[in-house]
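Colleague: With these hints in hand, go ahead and build the complete structure from the sequences.
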Amino acid sequence: MNKLYNNAHEAIIDVKDNNTIMLGGFGLCGIPENLIQALVKKGTKNLTCISNNAGVDDFGIGLLLKTRQVKKMISSYVGENSEFERQLLNGELEVDLIPQGTLAERCRAAGAGIPAFYTPAGVGTEIAKNKEIKLFNGKEYILELAFQSDFAFIKAWKGDALGNLIYKGTARNFNPMMATAGKITIVEVEELVPIGSLDPNIIHTPSIYVDRIFEGKNYEKRIEKITTQ
Amino acid sequence: MNKLYNNAHEAIIDVKDNNTIMLGGFGLCGIPENLIQALVKKGTKNLTCISNNAGVDDFGIGLLLKTRQVKKMISSYVGENSEFERQLLNGELEVDLIPQGTLAERCRAAGAGIPAFYTPAGVGTEIAKNKEIKLFNGKEYILELAFQSDFAFIKAWKGDALGNLIYKGTARNFNPMMATAGKITIVEVEELVPIGSLDPNIIHTPSIYVDRIFEGKNYEKRIEKITTQ
Amino acid sequence: MGLNKFQIAQRISQELNDGDYVNLGIGIPTLIANYIPNNISVIMQSENGLLGMGPFPKREDVDPDLINAGKETITTLDGSSIFNSSESFAMIRGGRVNLTVLGAMEVSQAGDIANWKIPGKMVKGMGGAMDLVASAKNIIVAMMHTNKKGESKLLKKCSLPITGINCVKKIVTNLAVIDIENNNFILKEYAPGVSVEEIKNATEGDLIIADSISEMCLQ
Amino acid sequence: MGLNKFQIAQRISQELNDGDYVNLGIGIPTLIANYIPNNISVIMQSENGLLGMGPFPKREDVDPDLINAGKETITTLDGSSIFNSSESFAMIRGGRVNLTVLGAMEVSQAGDIANWKIPGKMVKGMGGAMDLVASAKNIIVAMMHTNKKGESKLLKKCSLPITGINCVKKIVTNLAVIDIENNNFILKEYAPGVSVEEIKNATEGDLIIADSISEMCLQ
Numbered sequence: 001m002n003k004l005y006n007n008a009h010e011a012i013i014d015v016k017d018n019n020t021i022m023l024g025g026f027g028l029c030g031i032p033e034n035l036i037q038a039l040v041k042k043g044t045k046n047l048t049c050i051s052n053n054a055g056v057d058d059f060g061i062g063l064l065l066k067t068r069q070v071k072k073m074i075s076s077y078v079g080e081n082s083e084f085e086r087q088l089l090n091g092e093l094e095v096d097l098i099p100q101g102t103l104a105e106r107c108r109a110a111g112a113g114i115p116a117f118y119t120p121a122g123v124g125t126e127i128a129k130n131k132e133i134k135l136f137n138g139k140e141y142i143l144e145l146a147f148q149s150d151f152a153f154i155k156a157w158k159g160d161a162l163g164n165l166i167y168k169g170t171a172r173n174f175n176p177m178m179a180t181a182g183k184i185t186i187v188e189v190e191e192l193v194p195i196g197s198l199d200p201n202i203i204h205t206p207s208i209y210v211d212r213i214f215e216g217k218n219y220e221k222r223i224e225k226i227t228t229q
Numbered sequence: 001m002n003k004l005y006n007n008a009h010e011a012i013i014d015v016k017d018n019n020t021i022m023l024g025g026f027g028l029c030g031i032p033e034n035l036i037q038a039l040v041k042k043g044t045k046n047l048t049c050i051s052n053n054a055g056v057d058d059f060g061i062g063l064l065l066k067t068r069q070v071k072k073m074i075s076s077y078v079g080e081n082s083e084f085e086r087q088l089l090n091g092e093l094e095v096d097l098i099p100q101g102t103l104a105e106r107c108r109a110a111g112a113g114i115p116a117f118y119t120p121a122g123v124g125t126e127i128a129k130n131k132e133i134k135l136f137n138g139k140e141y142i143l144e145l146a147f148q149s150d151f152a153f154i155k156a157w158k159g160d161a162l163g164n165l166i167y168k169g170t171a172r173n174f175n176p177m178m179a180t181a182g183k184i185t186i187v188e189v190e191e192l193v194p195i196g197s198l199d200p201n202i203i204h205t206p207s208i209y210v211d212r213i214f215e216g217k218n219y220e221k222r223i224e225k226i227t228t229q
Numbered sequence: 001m002g003l004n005k006f007q008i009a010q011r012i013s014q015e016l017n018d019g020d021y022v023n024l025g026i027g028i029p030t031l032i033a034n035y036i037p038n039n040i041s042v043i044m045q046s047e048n049g050l051l052g053m054g055p056f057p058k059r060e061d062v063d064p065d066l067i068n069a070g071k072e073t074i075t076t077l078d079g080s081s082i083f084n085s086s087e088s089f090a091m092i093r094g095g096r097v098n099l100t101v102l103g104a105m106e107v108s109q110a111g112d113i114a115n116w117k118i119p120g121k122m123v124k125g126m127g128g129a130m131d132l133v134a135s136a137k138n139i140i141v142a143m144m145h146t147n148k149k150g151e152s153k154l155l156k157k158c159s160l161p162i163t164g165i166n167c168v169k170k171i172v173t174n175l176a177v178i179d180i181e182n183n184n185f186i187l188k189e190y191a192p193g194v195s196v197e198e199i200k201n202a203t204e205g206d207l208i209i210a211d212s213i214s215e216m217c218l219q
Numbered sequence: 001m002g003l004n005k006f007q008i009a010q011r012i013s014q015e016l017n018d019g020d021y022v023n024l025g026i027g028i029p030t031l032i033a034n035y036i037p038n039n040i041s042v043i044m045q046s047e048n049g050l051l052g053m054g055p056f057p058k059r060e061d062v063d064p065d066l067i068n069a070g071k072e073t074i075t076t077l078d079g080s081s082i083f084n085s086s087e088s089f090a091m092i093r094g095g096r097v098n099l100t101v102l103g104a105m106e107v108s109q110a111g112d113i114a115n116w117k118i119p120g121k122m123v124k125g126m127g128g129a130m131d132l133v134a135s136a137k138n139i140i141v142a143m144m145h146t147n148k149k150g151e152s153k154l155l156k157k158c159s160l161p162i163t164g165i166n167c168v169k170k171i172v173t174n175l176a177v178i179d180i181e182n183n184n185f186i187l188k189e190y191a192p193g194v195s196v197e198e199i200k201n202a203t204e205g206d207l208i209i210a211d212s213i214s215e216m217c218l219q
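Chains as they are written, first to last, in our numbering: chain A, 1 to 229; chain B, 1 to 229; chain C, 1 to 219; chain D, 1 to 219.
Worth flagging that the hints you see were computed from the coordinates, not collected in a lab.
Not one of these hints is a red herring.
Below, a list of computed lysine-lysine pairs in the DSS-like style, where the Cα atoms sit at most 27 Å apart: (1) Lys183/A - Lys134/B; (2) Lys217/B - Lys168/B; (3) Lys117/D - Lys134/A; (4) Lys170/D - Lys188/D; (5) Lys71/B - Lys41/B; (6) Lys16/A - Lys137/C; (7) Lys134/A - Lys131/B; (8) Lys117/D - Lys225/A; (9) Lys225/A - Lys124/D; (10) Lys157/C - Lys139/B.
Computed beta-carbon distance windows for the label pairs: (11) Lys149/C - Lys41/B: 43 to 51 Å; (12) Ile226/B - Ser197/A: 27 to 35 Å; (13) Ile226/B - Gly196/A: 19 to 27 Å; (14) Asp58/A - Arg59/D: 19 to 27 Å; (15) Val193/A - Lys139/B: 34 to 42 Å.
These numbers come from a predicted model, not from an experiment.
Note that CB positions come from ideal geometry on N, CA and C, so glycine has one too.
Modeller: Here you go:
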């Protein structure tokens with residue numbers, strides 16, 4: 001079975017209006033640049049995006065906000081995007097803010113066939129509203145549900161045509177869990193390597209999770225805060 | 001802070017009667033040979049052991065069964081040990097049999113601060129008895145609890161003095177999750193390597209989980225079923 | 001009577017699709033790996049933490065750190081990956097394994113399977129079977145049609161403690177290929193030299209003869 | 001009045017123990033890394049997936065694939081490890097991080113903390129703060145004693161949406177070191193040149209003066 005695609009445009013051909021898409025990355029680090037740009041070009045509307053952050057005004061998911069393709073963002077921190085804040089305060093954008101660890105675990109649970117789990121994060125806060133609370137060993141925990149998503153857009157460092165992936169540095173972040181969680185998982189890699197060239201012992205994402213893969217182009221890898229000694 | 005110990009005997013000095021111990025390994029593959037042997041020598045009694053299997057009659061956890069140090073086994077498959085079967089059928093040994101994926105996930109949950117999660121494994125079977133059942137998207141799931149354990153006995157391939165670990169081949173199995181789950185995690189490695197010699201990008205167990213580490217000796221690595229072409 | 005275990009494996013191999021991720025249980029299912037059609041590629045998952053399992057090693061290549069879920073020494077193929085037990089069952093529960101083939105002691109016409117325990121007699125444990133049958137999209141049972149006493153293993157209801165409910169989709173035995181639909185066994189194929197009457201007699205549960213019934217083809 | 005933000009960081013660095021795994025929030029907490037005593041070794045966790053975070057890189061070593069939770073470029077030290085976000089919060093919720101230092105907009109005398117939202121004004125999100133405060137064994141808040149309007153940030157009850165309950169153990173401000181015990185602020189140390197009276201006036205919540213009160217020592 002062929003998972004290999006020529007480019008982002010071909011790989012997202014069946015993404016539709018109103019779909020839910022997970023996007024890997026932390027800030028602008030490890031985001032699927034090619035897939036986001038292809039989605040902007042495609043113009044798909046009313047998307048729900050699950051991503052830790054919402055990019056900046058003119059890069060990353062910010063590009064999709066600018067074109068008003070996003071109906072709802074599910075994120076943990078959205079502080080770097082003024083267009084986002086404007087749309088939100090004007091009621092033009094739905095936002096679901098979720099503790100970062102809960103966001104990560106709800107992705108992991110989705111991929112792991114765990115429909116729900118208990119976490120201490122958010123107990124006693126507005127996050128706990130309308131959620132089931134249960135005591136374990138005398139401490140309160142909140143029941144949180146696995147996410148459901150139509151697609152996962154993933155960025156990896158190296159990958160083979162079967163879909164085995166490795167990530168580089170902290171560009172790993174949400175990518176591995178989201179790769180397990182999409183109904184259809186689409187991966188862009190910086191370098192497509194021959195099958196058999198990756199050591200089985202150091203694969204971060206086993207091929208079984210990956211439905212489509214292609215080698216991305218022209219990575220900008222913009223840095224939000226270049227900080228030096 | 002020094003995590004480095006000279007040998008298994010020093011590393012298990014505070015293991016006590018009635019403790020619960022997790023032991024990594026699948027069959028005899030990836031078991032903490034040095035730690036098991038030290039525990040036999042120490043003679044600690046009434047132990048509860050959490051391990052996928054129970055070893056064979058004269059190796060692995062089988063050694064602890066022979067000396068009657070084990071009060072209770074929590075495992076998924078115990079078919080390779082006739083002494084085990086004898087003790088069990090005679091009522092000399094308590095046994096809790098758990099689906100393998102649930103066993104793995106209860107270890108993972110323990111390390112991840114998740115007190116409980118839902119799984120489909122065992123729905124409609126005797127495993128579900130007296131457990132909470134809940135519907136998600138019209139399907140039944142069982143609530144399963146994180147394990148609690150006093151110690152985790154882990155076998156890794158290479159490790160540094162901080163406790164960063166990598167495993168080899170399928171000797172990985174339950175070791176990484178159990179390493180996260182022990183109140184005190186004790187690791188034996190085949191090779192102790194200098195701090196900084198392991199690539200941060202391929203660490204299987206980050207140092208934060210490891211409390212004690214030593215280089216093991218005289219690995220037998222017995223094979224249960226040598227099968228060749 | 002009918003097929004031997006190698007032929008059962010051979011027949012099941014026809015159910016594989018190109019690109020399938022497959023988990024094969026201990027016993028007859030393991031033999032299926034020997035009969036994969038040349039024109040397709042499937043990837044074997046071993047629940048102790050390996051995807052891309054290869055054949056058994058040559059004697060000089062035996063590695064104690066590389067075994068399958070049956071504790072046998074094995075090899076890895078190009079494109080394989082190794083992971084921990086939690087990740088292994090994550091992909092199983094997550095529904096990413098396309099086909100699971102298991103042995104069984106009993107199967108009911110509702111698709112319930114019993115293969116882990118004989119009360120008072122056998123206490124080996126369920127291993128990964130309960131996770132597999134609770135999660136797999138497609139489950140095929142490979143087994144003999146009757147037990148050593150000659151009693152049917154295809155029952156109205158399982159008498160042994162069950163491993164999972166409503167999960168088996170197809171059964172391939174020494175006598176027949178049988179689908180499970182709407183709480184019935186549907187006889188689809190008979191083994192060469194085996195009569196429908198013989199299969200009926202060996203099946204305790206309700207058996208419906210499919211319109212399209214045919215003789216098994218083993219090339 | 002009192003300490004500047006660098007001195008607050010310096011004072012908190014005295015709370016570190018050898019071998020501690022530490023998570024430092026954005027702002028003043030980040031500065032603590034510059035004041036780690038020479039005779040101890042601590043390991044920094046960054047919740048985006050790094051253990052063993054080093055200093056900021058030299059200009060020529062900047063790597064876009066290596067950032068901290070504040071999105072700043074950083075480096076790794078020998079013995080570091082990189083992992084995914086789920087693993088990162090597993091170790092946080094699992095209680096393996098020994099000390100968490102956070103900024104705050106408000107802290108109550110019950111140890112509640114508010115630092116993620118100003119209704120109708122600021123909608124940045126909680127990031128990892130809710131997971132950290134719900135899980136960490138030891139949480140220290142680093143902040144100015146009063147806000148820009150001169151109002152106390154140490155309150156009987158938080159007025160802003162809270163991030164976590166009963167979690168803050170110690171507060172280090174420009175004016176004082178204050179522990180939280182039994183629903184009270186306990187004044188333990190005052191900043192050089194700051195009077196107890198000034199601290200009392202800047203604290204809205206109930207403040208108890210410790211018997212052992214002393215001046216902060218900043219070497």
